[in-house]
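Novice: If you want the building blocks of each chain, they are given just below.
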Amino acid sequence: MHSIVYTTTSSKEEARKIARELVEGKLAACINIHEIDSVYSWEGNIEEEQEFALSVKTATSKIQQAIDRIKEMHSYELPAIITWKISGDKEYLKWISEMTD
Amino acid sequence: MHSIVYTTTSSKEEARKIARELVEGKLAACINIHEIDSVYSWEGNIEEEQEFALSVKTATSKIQQAIDRIKEMHSYELPAIITWKISGDKEYLKWISEMTD
Amino acid sequence: MHSIVYTTTSSKEEARKIARELVEGKLAACINIHEIDSVYSWEGNIEEEQEFALSVKTATSKIQQAIDRIKEMHSYELPAIITWKISGDKEYLKWISEMTD
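Quick note, the sequences are listed as chains A, B and C, same order.
In case it helps, my numbering puts the first sequence at residues 1 to 101.
In case it helps, my numbering puts the second sequence at residues 1 to 101.
In case it helps, my numbering puts the third sequence at residues 1 to 101.
One chain only, chain A, in its complex shape (with noise of 0.2 angstroms):
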């Protein structure tokens, strides 16, 4: 079983320490990431803020894990972190789980 495990950081430098540091770890096969702008709610205010997302590609059984180490790295007190299991092309899926094994 594979997940993506999605989350948001203030800067590209932050995402790509994260990601380097997920993939070292065998937490992570591949992570994409992309500048979003990010709109909610803080404090009673509606907040807008340029971010970067990661889209971290894992075996379910790494999520755990993984999202305990992006707490342990993120500069936010309280960051993003949503996941959602994926199936796809066979090839590709034993790769990942390859990686994170």
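Just so you know, these hints were derived from the structure itself, not from any lab.
Ideal placement from N, C-alpha and C gives every residue a C-beta, glycine not left out.
Keep in mind that the hints are not guaranteed to be accurate.
The list that follows gives simulated cross-link-like pairs (lysine-lysine, BS3-like), each with its CA atoms no further than 27 angstroms apart [said to hold, decoys possible]: (1) 71(B) with 12(A); (2) 90(A) with 71(C); (3) 90(B) with 12(B).
Only part of the chain A face toward chain B is listed, based on derived beta-carbon distances under 8 angstroms [to be verified]: (4) 8; (5) 10; (6) 39; (7) 53; (8) 71; (9) 79; (10) 80; (11) 81; (12) 83; (13) 84.
Quick look at which bits of chain C chain A covers, simulated, 3 or more residues with Cβ under 8 angstroms [to be verified]: (14) 17 to 27; (15) 78 to 88; (16) 95 to 101.
With chain A's structure known, arrange chains B and C on it following the hints.
Specialist: Here is chains B and C on its own, set in the frame of chain A:
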């Protein structure tokens, strides 16, 4: 239970307007906007357009209201609106629940 | 039933070519392309590349054909191809079904 609602708009202004309205109306906790190129079939031709994608993080119980509000505000006759269920970091999911309650 | 097929390419040209082919072949209703930075492990090294991501909206019954067509056209030895099931606005899902029938 929590979900992503994903939709697209023709301008960044429209994306931001919908995002702010959903957050103000407690139909979303946080929205990420990014620029896309869309390729699709319309009346027999392949069309390509620049658009903006919104990834709306919300409670699953608010999905239908969020979809209805997006359709009311949207400039398109048939806006692309898709959803999928998410899991994630417990603290962050709790924050989504609180922001949409 | 409907799904996203998500894949990445090394250029925008390749992304657009695959997107047009899938839509023309009724293997997708609509495709959103955006620029990404990818971080992954390849033969023991951490690699970083600029790529383009395709989010392909289609009928779940067309996923395998879409995956096969992407693999035939793709310049990579092992393209990243993942999928997940979606729900959404009934009118829009009906349009996806019609465009891929």
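Novice: Hints first: check each against the structure and report whether it holds.
Specialist: Now the hints, each set against the structure:
no. : hint             : result
1   : 71(B) with 12(A) : violated, 33 angstroms
2   : 90(A) with 71(C) : holds, 12 angstroms
3   : 90(B) with 12(B) : violated, 31 angstroms
4   : 8                : holds, 7 angstroms
5   : 10               : violated, 13 angstroms
6   : 39               : holds, 4 angstroms
7   : 53               : holds, 6 angstroms
8   : 71               : holds, 7 angstroms
9   : 79               : holds, 7 angstroms
10  : 80               : holds, 6 angstroms
11  : 81               : holds, 4 angstroms
12  : 83               : holds, 5 angstroms
13  : 84               : holds, 5 angstroms
14  : 17 to 27         : violated (count 0)
15  : 78 to 88         : holds (count 7)
16  : 95 to 101        : violated (count 0)
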